Amino acid sequence: MEFLRRALNPWGQDVPIGVSWDLIWAAVIIGAVFVVGHALMVPKKVGTGEIDPDEARGLPEKLQRHTVGARGFHWSMSAAMFVLLITAFFPVVGIQFPWVTIHWIAGVLLILTVLYHIYHVFAKQDFWAMWIGRRDIEEGKQGLKAALGRPGAKRPRAAKYPVDQKMFHHAATIVTIGAVVTGVLMMFRIDNFLLPQNMYLFSDSVWGWIYVIHGVCGIGLIFLVIAHVYFAIRPEKRWMTWSMINGWIDRDRYLENHDPERWVVGERGAVGELEGSGGGGGGTGQPALSDKA
Amino acid sequence: MAVMRDMIPPFELFQPAGVDDAVRLMREHGDKGWVLAGGLDTFDWFKDRIKRPEAVIDLGGVDELKGIAVGDDGELEIGAMTSLTEVAENGDVRSGYPLLAEAAGLVATPQIRNQGTLGGNIIQDTRCWYYRSGWPCYRAGGNICYAATPRSMNREHCIVGASRCVAVNPSDTAPALIALDAEMVVASTGGERTYPAEDFFIGPDIDIERMTVLEPGDLLTRIRLPAPWSGARWYFEKIRDRKAWDFSLVSVASMVNVEGGVIRDARIVVNGIAPYPVRATAAERAATGQAPSDETGQAAGEIAVRGARALRHNDYKIALTRNLVKRAIRDAA
Amino acid sequence: MAENVIGTDISPPDLRAKITGQARYAEDFHAEGMVFAKLLLSPMPHARVLGVDASAALAMEGVLGILRADELPVQAEGTREGALTDEPKYEGEPILAVAAVDETTAAAAVEAIRVDLEPLPFVLDPLDSLREGGPDAQLGGNMAGRGELTSLKWPASVFEEAGADRLPMGEAPVEWAIGDIDAGFAEANVVVEETIVHQSVTHHPMEPRSCMAYWQNGKLFLHGSTQSTERTRGNVARMAGVEPDDVVFIGEYCGGGFGSKISGSPIMAVPAVLSRKIGRPVMLRITRYEENYIGRARAGFQGWAKLGFRADGRMTALDLYLVQDSGPYGASDFFTAGTVATASYQPENMRFRGVAILTNTPPRSAQRAPGGAQIVAMLEPLVDKAARELDIDRLEIRKINAPDSDDGWLGAQQGRFTSAYVREALDLGGELFGWEEKKQLSGQRNGTKVTGVGIGLSPFTAGSTGRDGLLVIRPDGKLYVHQGIGNLGTHSIADTARPAADVLDLSWDQVVIVWGDTSKHLPYSTVQAGSQTTHAHTRANHAAATAMVVLLQELAARELGGSPSSYRVADGRVFRAGNRAAGMSFGEAARVAMELGGKFSGGEYPEDLHDATKAAVAGLAGEGLIAAARDNYERAGSVYTWVATFAQVELDVETGEVEIIDLASATDCGTVMHPRSLAGQTNGGVFQGIGMAKGQRWVFDPKWGIPFTKRFYTARPPGMLDVPPRPRFAAVDKADPYTPVGAKGIGEPPVGAGEAAYVCAVADAMGGLCLCRTPLTADMILAELEGRPRPYGLLDTHV
Ligand SMILES: Cc1cc2nc3c(=O)[nH]c(=O)nc-3n(C[C@H](O)[C@H](O)[C@H](O)COP(=O)(O)OP(=O)(O)OC[C@H]3O[C@@H](n4cnc5c(N)ncnc54)[C@H](O)[C@@H]3O)c2cc1C
Ligand code: SF4
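Here the protein sequences come in this chain order: R, V and C. Heads up, the working numbering is the position in the first sequence plus 106, with the first residue counted as 1. Heads up, the working numbering is the position in the second sequence plus 12, with the first residue counted as 1. Heads up, the working numbering is the position in the third sequence plus 1, with the first residue counted as 1.
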C-alpha cells in the first residue's frame with residue numbers, strides 16, 4: 107500500500123499530490139478493529155454504583171454538563187463534519203454526486219462553528235477544562251488498569267471531562283485544525299466567491315503536502331468519528347451522550363464518575379472546574395440547569 | 013524518471029469476436045483494460061504514454077456492433093462501431109436524421125471519419141491540452157486545474173458547467189444525438205441498460221475523471237434514435253479555426269418543430285462550452301410559442317448564455333454561443 | 002533543333018518516385034546491424050543538468066549506450082547550439098540520446114534515466130526580459146551581440162511611457178536611417194501609427210529531420226533531410242569532428258524545409274557520433290512531437306510603425322521599431338525586415354530601430370521570407386489605412402510607392418535592383434483578380450457575411466552569384482548535370498538544369514540530373530535559402546554549358562578539322578555549321594574526351610572554381626567530356642522578386658469566421674522557367690502566409706514555459722479547404738537583364754503577399770479596422786465586432 111499519491115509535475119518533477127485513498131480503507135479497518143477489540147476486551151460496566159451520600163448533599167438532582175451553546179456547537183460541528191466526510195469520501199469510493207460545493211460550504215460552516223467554539227471557550231467556559239494535567243494522566247493510567255480488569259484497579263473519578271474524552275477532543279482538534287487550515291488554502295484552488303482562485307499560490311510540492319495533510323486529517327477523522335460514535339453508544343457512556351442532547355446529567359452519574367474536587371459544583375448550584383484553571387478558579391462556573399428550569 | 017512521448021508502449025491485445033466476449037474481457041481487466049474502437053482518441057493517449065493500459069480490447073472484429081438498421085417502429089439503431097463516414101452517408105440517416113448526418117460529416121477529415129466510430133466519437137475524452145500533455149491535473153487524478161489560472165491558455169475551454177475542471181466535450185455527434193433525443197444502449201456483464209443521450213454525459217462536478225456514465229466494464233453497443241420528427245427543421249453548425257482536422261470551438265445542434273409559423277417544440281444543444289453537451293432548455297422554452305425569427309433567436313440566445321462565465325481567453329464563446337443559438341432558431345431549415 | 006525547355010512544363014525526374022511512394026527519405030534507409038536512438042528532452046524551459054543516472058537504462062537488455070552533450074565535437078556555448086546540451090534553454094531541447102536494438106527498448110531506456118535538473122529562470126516574452134530585473138534566457142544575458150552575450154534592460158520609465166497601448170521603445174542596439182524622419186513626417190498629410198504583433202510560428206515540414214549514420218573505413222555515411230546537399234556535407238563533418246572528405250552525405254529527397262534544414266540540422270550529430278561510439282549504424286527517427294521542438298521556427302516581432310504620406314499617396318516617412326523574439330540562440334529576421342520594407346515602399350525618409358532578445362522557446366531559423374513576410378503583413382494594412390484617409394485606391398497607392406528598374410533602391414545602402422517590374426506585377430494581378438470590380442464589393446453585406454478585399458505586395462531577395470556548374474557528357478551521349486543543390490521539394494533540382502539543355506540545344510530527355518549524394522561528385526552550390534537557387538544555378542549551369550559548347554567545338558575541330566567556331570552544337574551532336582553530317586555525337590565526343598584527357602576530361606579545370614568543385618571534377622576525371630565553370634556573369638544590383646496577391650474574403654459577423662472566396666497572385670520573378678512549378682511555389686507560399694495570418698498557432702503556457710501546439714491539430718497549419726480551390730496566378734515574365742537566363746527566385750516572396758492580402762482583406766471587411774496582430778483568429782474578430790473584451794493583450798505573444 108502506498109501512503110502518498112505522487113505525480114510528475116509539468117517540469118517532470120516528482121511531487122506528492124495527495125494521500126493514497128487506500129488509507130480510507132485502512133482507517134475504516136483500523137476503526138473497526140478498534141471497536142471490535144474494545145467491545146470484546148472492555149466489559150460494559152454501567153457505573154460503579156457507589157455513591158457517597160455526603161457528597162450528594164446540597165447538590166441539585168440535575169447538573170448541567172453542557173450549555174445550550176456548547177451543545178449547539180457540538181451538533182452543528184458534527185453535522186458539518188458528517189457532511190464533509192460524506193462529500194469527501196463517498197465520491198472516492200464510487201458514490202458520485204456533485205460534492206465540491208457542498209463540501210466547501212460545509213467546511214466554511216465548520217470553520218464558523220469552530221470559531222464560535224473558540225470564542226465560547228474563552229468567553230464563557232473554562233479554557234483549562236480540557237487541559238490534560240498530571241492528575242488526568244494518573245486517572246488515565248488507573249482507568250486503563252481498571253478497564254483491563256487488573257485486580258484491585260478501580261476506575262477513578264474524573265474531572266468535568268474524563269481524560270479519554272479530553273484525548274479525543276485534542277486528537278479531533280488537531281486533525282480538524284489540520285483539515286481546516288489546509289481546506290482554507292485549498293479553496294484557492296477552486297472557484298468560490300470567498301477567496302480568489304490562485305492555483306499557483308504555493309509551489310507544486312507545497313500544494314502537494316497541503317493535499318496530503320488534508321487527506322490525512324480527513325482520514326484521521328474517519329477513525330475518530332468511528333471511535334467517537336462507538337463510545338457514544340456504549341451503554342456505560344450513554345448518560346454522557348444524553349448530556350450532549352439535553353445538557354444535564356443526574357447527580358448520581360456526577361458522583362459516580364466525577365471527582366467533586368476536580369469538578370466542583372459551586373455554592374450557587376453551579377458546576378465548575380477548578381483543577382489546573384490557573385488564576386481563574388471557579389470563576390467561570392455555569393448555572394446548573396435546574397436553576398434555569 | 014524522464015518523460016518519453018510519441019512512442020506506443022507495449023500492451024496485450026485482445027480481439028473479441030462478440031459483445032459477450034468483449035464485455036467479459038472488459039470486466040476481467042477492469043481499469044487496467046482499454047476499449048479500442050477507431051483509435052483516434054486512444055492512440056493519442058498511447059503514443060504519449062500517458063494512459064498505459066495493460067490490455068487493449070479491440071472492438072474491430074465485433075460485427076454485431078457495426079451497421080445501421082431501421083426498427084419496427086421506425087426507430088433507427090446505429091451500432092457503436094459504425095464508422096462516422098457511414099453515419100454521414102447512410103441513406104436512412106440522411107433522410108430521417110439529416111442533423112446527425114451533417115454533424116458526423118463535419119468531424120475532422122475524411123480519413124478520420126473512415127476510421128473513427130460513432131461510439132468512439134461520443135465517448136472520446138476531452139482535448140484540454142493541459143490534460144493531454146500528461147500534466148497531473150484534476151482530471152488526471154491530481155489536485156489542480158492548470159487551465160483555470162489567470163494566465164492559462166484557455167481559449168478552447170468552457171464557459172458553463174465548470175467544477176474545478178474547465179475542459180469541454182469535443183464531440184460533434186453528441187449534441188446532435190441529444191437534440192434527436194437518442195438513447196444509448198450500454199452492455200456490461202450485468203446486462204443491458206439504456207440512457208437518454210442527455211443523461212449519458214456527466215460533468216466534473218459528478219466525476220472529474222470521466223466524460224460519460226460509462227465505467228470500466230461498460231460497453232456502448234448501440235445508439236437508438238426515435239422515429240424521425242416529421243416536418244421538423246434542423247440546424248447544425250460548428251465553428252472552428254480550420255475547415256478540416258479541427259474540433260469545434262462551439263457547435264450547435266437543434267431540432268425545431270414549427271407549426272403555423274410558430275415554434276411548437278425545440279431541442280437545442282450546444283457543445284464546446286461545457287464539459288458536457290449542454291441542452292439550452294431555457295432558450296428552448298423562450299422560443300416555444302414564438303415565430304422562428306431573428307428576434308426570437310436573439311432573445312433565446314441571450315437566455316442561453318445567462319450565467320455563462322468566461323475564463324481569461326474565452327469570453328468570445330459567450331457571444332458565439334448566443335449567436336449560434338440564435339441561428340439554430342432563425343436559420344433552422 | 003531541340004525545343005527550348007525554358008518556359009515549358011516538364012515532369013521533374015523525381016516526381017514519379019514521389020507520387021508512387023518509391024522515393025526514399027532518410028528514415029527509409031537501413032544498414033546492416035542498424036540500431037535505433039531516442040532522445041531525452043528537457044522537461045524544463047531552462048535548466049542545468051546536475052547529474053544523470055543512466056545505470057538502470059544501461060542495464061536493460063538491448064540498450065547499447067548513451068550519448069551525452071560533452072561527447073560531441075560541437076558543443077553548445079552562448080548562442081552556438083549543440084545537438085545535445087547540459088543547459089537546456091527550451092522545453093524539449095535534447096539532453097542526451099540512447100541507442101538500443103529497437104525503438105521500444107530505446108524509449109523504455111529513456112524513461113528509466115534519471116536526470117537531476119536545476120530549474121533556471123526562463124522567459125517567453127522578449128518584453129519581460131527587457132524589464133529591469135526581468136529574466137534572461139541565457140545565464141550570460143538576453144542578447145546576442147557579435148557572438149557574445151550581453152544583457153539589455155530598459156528602465157521602467159520606458160514601459161510606463163508606453164502604457165498598455167503602445168510598444169515600449171527603449172534603447173535600440175540596431176538603428177539606421179535614410180533622410181530625415183522628422184522632416185518626412187512634417188511633410189506628411191496623413192500619418193498612421195500602430196503597435197503590431199507578428200507571431201512566431203514553427204516550420205512543420207512534413208518530413209521530420211530523421212537521420213541515419215554509419216561509419217565505414219573511417220568515413221561517415223549520413224542519410225538526412227536537407228535543403229542543400231553539397232553545403233550540408235561540411236556542416237556534418239564539423240559536427241562529427243572529421244574532414245569533409247570523410248563524409249558521404251545522402252539526401253535525395255527532402256519533405257520540406259522552409260528554411261529549417263538549410264544545411265542539415267544540428268541533430269545530425271547524434272547518430273553520427275553515437276554510431277561511431279557504439280560501432281553500429283544508428284537511426285534516429287524524429288517524431289512529429291520532437292520535430293515541433295527541434296524543427297525551428299520563425300522569429301516573431303512585437304513592433305511599432307508610423308507611416309507618413311503626402312496627399313499624392315507618396316510615402317514621406319517610415320518609422321519602424323521591432324522587438325524580435327530570437328529564441329534561445331538568436332535570429333536575424335529583423336535585419337531583413339527593415340530592408341524589405343524599403344523594397345515595398347521606397348520611403349523618402351526612414352528610420353529603423355530594432356532589438357533582438359533571446360527567449361526560452363525553441364530555436365529560430367530562417368522561415369520562408371524571414372523578416373520579409375512579417376514586415377509585409379505588419380505594414381500593408383497600415384498602408385491601406387492611409388489610403389482610406391487619403392481617398393486613394395489601394396492598388397494605386399502601392400503603385401505610387403513601388404520601386405522600378407531605373408531608380409529603385411534597397412535598404413540602408415540604397416543600392417540598385419537588377420530589375421523591378423513591380424508596377425507591372427501589381428497591374429497584372431489587379432487585372433487577373435478584377436480589382437476594379439471587386440473593390441466595389443468591399444463592405445457589402447450578404448446576410449451575416451461581409452465582403453472584404455485586400456492586396457499584399459511582398460518583395461524578397463531572389464538570387465546570388467558565384468556558384469559553380471558541373472556537366473559531364475558520358476559515352477551514352479547524355480548530359481549529366483551534377484547538382485550540388487538539394488531536392489528540397491521544389492522543382493529547382495530539375496529546373497536549374499534546363500539552361501544547360503537549352504544552351505546545348507539538347508532535348509530534355511537526354512538530360513540526367515545527378516543529385517542527392519555527395520559521393521557523386523557535386524559542385525559547389527548555394528545553400529538553398531534566400532530564394533537564391535533558381536538565379537544562382539541557372540547562371541552556374543548556363544556558364545558550365547557555355548564552357549561545354551566551347552569544349553565540344555574545340556574537340557570537334559581537333560578531331561575533324563576546321564576552326565572551333567565553325568562548329569555548332571544541337572540535338573546531341575557537334576557539327577559543322579550547315580552540315581549536320583560533318584560532326585560527331587555527344588557519345589562519340591565523350592569517348593574522344595576520355596582518350597584525350599586533359600581539359601576535355603577533367604584533367605584540367607578553371608582555376609577560379611571552388612575547391613569543392615575542383616575535387617568533384619578530379620573525382621570524375623576520365624569519365625567523359627567534362628565542363629565545369631564558375632558563374633562569373635555580371636550582376637549590377639540586388640536581385641529581388643515581388644509578388645502581389647489579391648484576396649477576397651467573407652467575414653461572418655455572427656461567428657468571426659473568415660472564408661477566402663478568391664485569390665489571385667502575380668509576380669515579377671524574371672523569366673518564367675517552369676510555369677506549373679512557379680504557380681505551385683507561388684500559391685504554396687501564399688497559403689503558407691495565409692496560414693500564419695489566419696490560424697496557425699504556437700501557444701505556450703506562461704507559467705511553465707511549455708508549448709501545447711506540438712501536433713498538427715493543435716498548431717493548425719492551413720489545409721486545402723481553407724483556401725479557394727482555384728487560386729489564380731500570373732507572371733510578368735520579363736527577363737532580368739543581369740542574368741543570362743533572366744530568372745529570379747520565387748520561393749519566399751509569396752508568403753508575405755498571401756499573409757498581407759489576407760489581413761488587409763479582413764481589415765477591409767471590418768470597415769478598415771486593423772487588429773494589427775497575427776494570427777487573426779475568429780475569436781479575436783468576433784470579440785472586436787461584438788465590442789467584447791479583447792481575448793489577448795495588445796502585445797501578447799504565443800496566443
Ligand atoms: C486530429 C483529430 C481531429 C478530430 N476532429 C474531430 C472533430 O472535429 N469533431 C469530433 O467530433 N471529433 C473529432 N475527432 C475525434 C475523432 O473523430 C474520433 O471520433 C474520436 O477520436 C474517437 O473515435 P474512435 O472511434 O477513434 O474511438 P477510440 O479512440 O478508439 O475510442 C475513444 C474512447 O472511447 C472508448 N470507446 C470507444 N468505443 C467504445 C464503446 N463501444 N464502448 C465503450 N467505450 C468505447 C475508448 O475506450 C476510448 O476511451 C478528431 C480526432 C483527431 C485525431
Ligand atoms: S480543464 Fe480539466 S482537463 Fe484541463 S487542466 Fe483543468 S482539470 Fe485538467
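Everything labelled a hint here was simulated from the structure, so no lab data went into it. None of these values were measured; they are calculated from a predicted model. Just so you know, even glycine gets a beta-carbon here, dropped at the ideal spot from N, CA and C. Honestly, I wouldn't trust all of these hints.
[Said to hold, decoys possible] Calculated Cβ distances over 10 Å to all of chain C for the following chain R residues:
no.: 1; residue: I130
no.: 2; residue: M183
no.: 3; residue: A253
no.: 4; residue: D297
no.: 5; residue: L301
no.: 6; residue: L307
no.: 7; residue: Y336
no.: 8; residue: M350
no.: 9; residue: V370
[Unchecked claim] Computed footprint of chain V on chain C; a stretch qualifies when at least three of its residues, placed anywhere within it, have a C-beta under 8 Å from a C-beta of chain V:
no.: 10; region: 36-45
no.: 11; region: 119-127
no.: 12; region: 507-514
Now the hints, each set against the structure:
no., hint, result
1, I130, "holds (31 Å)"
2, M183, "holds (38 Å)"
3, A253, "holds (52 Å)"
4, D297, "holds (18 Å)"
5, L301, "holds (19 Å)"
6, L307, "holds (12 Å)"
7, Y336, "holds (47 Å)"
8, M350, "holds (49 Å)"
9, V370, "holds (61 Å)"
10, 36-45, "holds (count 4)"
11, 119-127, "violated (count 0)"
12, 507-514, "violated (count 0)"
Violated hints for the displayed structure, listed by number in ascending order: 11, 12.
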